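*Asks:* Here's the letter readout for the chains.
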Amino acid sequence: MTWTNVIVQGVLFGGFYALFACGLSLLFGVMRIINLAHGDIAVVAGYTAVFLVPHLHIAEVWGFVVVVPIFALVGYALQRTLLQAALDRSPLTTLLVTFGLSVLIENLLLEIYTANGQSVNIGSLIGNSWQVNSVIYVSWFQLVVLIVAVAVLGVLQVYLSKTSTGRLIRAVSDDREAAQICGANYRHIFGIAAAIAVATVALAGISYGILTELTPTTGGSQVLLYAFEAVVIGGIGSLWGTLIGGILLGVAQQIGAHYNPAYQVLAGHVLFLAILALRPQGLFGKKEALA
Amino acid sequence: MSATLVPDVGRTVVRANYHPAILIGGTVVVAALFTAAPWFLPVAWVSVLNNFFLLLIMATMWNLLAGYAGMVSIGQQGFIGLGSYALLYLALKGMNPFAAIPLAALIAGAIAVPVTFLLFRLRGGYFSVATWVVADSAMLVILSISYLGGGTGRPMPGLTSLSPSEYNHDSYLATWLTALVVSVGTYLLLRSRLGLVLASMRDNETAARSSGAKVTSTRRWIFVIAAMGCGAAGAVLAISQPFVQPGNAFNINWLAEMLFATIIGGIGTVEGPIIGTIVYFVLYQSLQGLGAWYLIIFGALAVAVALWQPGGVWGLVRDKTRFELLPVGYRVRER
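Protein sequence lines correspond, in order, to chains A and B.
When we follow my numbering, the leftmost residue of the first sequence carries the number -14, and every step to the right adds one.
When we follow my numbering, the leftmost residue of the second sequence carries the number 2, and every step to the right adds one.
If you are wondering where the hints come from, they were derived from the structure by calculation, not from laboratory data.
There's no promise every hint is true.
[Claimed, not checked] Across the chosen pairs, the derived CB separations fall in these ranges:
1. Thr13(B) to Lys271(A): 52 to 58 angstroms
2. Asn97(B) to Thr197(A): 43 to 49 angstroms
3. Thr197(A) to Val31(B): 27 to 33 angstroms
4. Lys271(A) to Ser211(B): 22 to 28 angstroms
[Unchecked claim] Coverage of chain A stretches by chain B, computed from C-beta distances (three or more under 8 angstroms per stretch; other residues unrestricted):
5. 17 to 29
6. 40 to 48
7. 56 to 63
8. 93 to 103
9. 135 to 146
[What the hints assert, rightly or not] So, partial list: chain B residues that the calculated Cβ filter (under 8 angstroms) puts toward chain A:
10. Val134
11. Ser138
12. Ile146
13. Leu149
14. Gly150
15. Thr153
16. Gly154
17. Gly290
18. Gly312
19. Val314
20. Glu335
These numbers come from a predicted model, not from an experiment.
No residue lacks a Cβ here, since even glycine has one placed at the ideal position from N, Cα and C.
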């Protein structure tokens, strides 16, 4: 029964990791770049919810409604300025620029808000849980995050396959020049993809800040690494693979933590490295996506 | 130096646009000056120089990785940490810490060999993040070994017999000599056949591959050499602290500093890391007491350089003057 609980808790964490990962996966799919500041943007969103939302005199649980749309705009603006300028140079430049951005964000947060952990406070809602039996508790909040993650991935899937903007995003990602000849403004399309990516990771960041603490370095050493591992385990280029990857990562971490809390993160890394050794294209990925 | 005569008209093919004896003579003079530095410089300056050479080793290695072999590693702090801990382990086993520096570098390099077989399955940005995962894994493994001090760390043994001034002197010399070996070694490497293969890979990988360049094994060599260099940097860092602690040895800020220094100085040039390290120390010294602001300003500067002046400071100087201090290629000179 203890093992059932370990797995249930792992699956619940998997929802977070999938939510962290889908933006990273989308940006790579569309622009072939990795945004190394991905995790730090999540932390900034969390800090915004902690320090800005209380001034608005609304219930903190509604912070999402304010912060997530702001971050969609931030994502669009970031893409049209800094990221596009880097992309016009070379893929190497995008890595250097986003790494620089990541260091800037972490150290600015450190200077302004110190290294102390910050939590998004939603009152008593966080404590509610559903007791399945004597050992298994399911936190309502974590269950909601998992459901939201599945919903976000589902909406994204439908958006990319059914709407005209979604089709444009896929067209630009398949063949930018051909899409341009047909009249697509790829810079605007990239901006929309970045807006979605940043909005989803902002949502994930605030949720993570509700569940646990955010520190200036959470973004790099946790969010980015977990998101990345979820993407690679599930398979690069597969949205549902990312969900499975996130869940497997969560389960691996909980199994590690069950033996020794110090092994939680390491167990996730070990799963990632094992996948890299045995099935580098990931569980649901295609081989050609690697190149 | 190997000036080859082109048969027909009055032209020679040379490396430098100055006499080769100047390069060798200059290197000897600079080497003698820095070796003698502790005898005529105040202690505080020697300590700054020590940190300068530490960053120079790291930046030189990162430049070799990213600037020449196209591998943007964001996990070099892992090899710095492994070098520190390899030295701690050897010293705990009774070796003299100074004598164990080369061995610690070799251990870091040996760990890098199997790592390349995993990492090279990923490309571009995915490769980058995976290097960080490896670095984080190395730190987590070290954290769980109580013999090496776990999370709190351990002081470096084998240094207590030295007087404070002897210790300062010896640890500076260790850092400086390591920096000298790494810099001269990297320079000679880039002038060798391997350097030629690297240049061809950097310019066009497909063309290099089809001309018979062994691209993957060249990358593997460079990754292992960079791991050894960073391992050596970690080892001298452990001596100059002299306390080994995971949070410091595996700190991502090492990576940030070596990366920013390389970009600002000029990525893909031999001179770049040297210039970038000088810029870093000028900033660091002038912004002392302002916490992390030096890193924020340094990072913002690096982002601006990457976007608007990708050749860095040295790239600008070279394009304007056509002068190369440490040439690795050849040029035709009219007589």
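*Asks:* Are the hints correct? Go through all of them and say.
*Replies:* Here's how the hints hold up against the structure:
1. Thr13(B) to Lys271(A): 52 to 58 angstroms: holds (54 angstroms)
2. Asn97(B) to Thr197(A): 43 to 49 angstroms: holds (46 angstroms)
3. Thr197(A) to Val31(B): 27 to 33 angstroms: This hint is violated: roughly 52 angstroms between Cβ atoms.
4. Lys271(A) to Ser211(B): 22 to 28 angstroms: For Lys271(A) and Ser211(B) the Cβ distance comes to about 26 angstroms; the hint holds.
5. 17 to 29: With 4 residues close enough to chain B, the hint holds.
6. 40 to 48: The restraint on the region 40 to 48 of chain A is violated, since only 0 of its residues have a Cβ under 8 angstroms from chain B and three are required.
7. 56 to 63: violated (count 0)
8. 93 to 103: The restraint on the region 93 to 103 of chain A holds, since 3 of its residues have a Cβ under 8 angstroms from chain B and three suffice.
9. 135 to 146: violated (count 0)
10. Val134: Interface hint status for Val134(B): holds (6 angstroms vs cutoff 8 angstroms).
11. Ser138: Ser138(B) check passes; min Cβ-Cβ to chain A is 4 angstroms, inside 8 angstroms.
12. Ile146: violated (11 angstroms)
13. Leu149: This interface hint is violated because 14 angstroms lies over the 8 angstroms limit.
14. Gly150: violated (14 angstroms)
15. Thr153: violated (14 angstroms)
16. Gly154: For Gly154(B), the interface hint is violated, since the closest Cβ of chain A sits about 16 angstroms away, which is over 8 angstroms.
17. Gly290: violated (13 angstroms)
18. Gly312: Given a least distance of 12 angstroms, the restraint on Gly312(B) is violated.
19. Val314: Since the shortest Cβ distance to chain A is 15 angstroms, the answer is violated.
20. Glu335: violated (34 angstroms)
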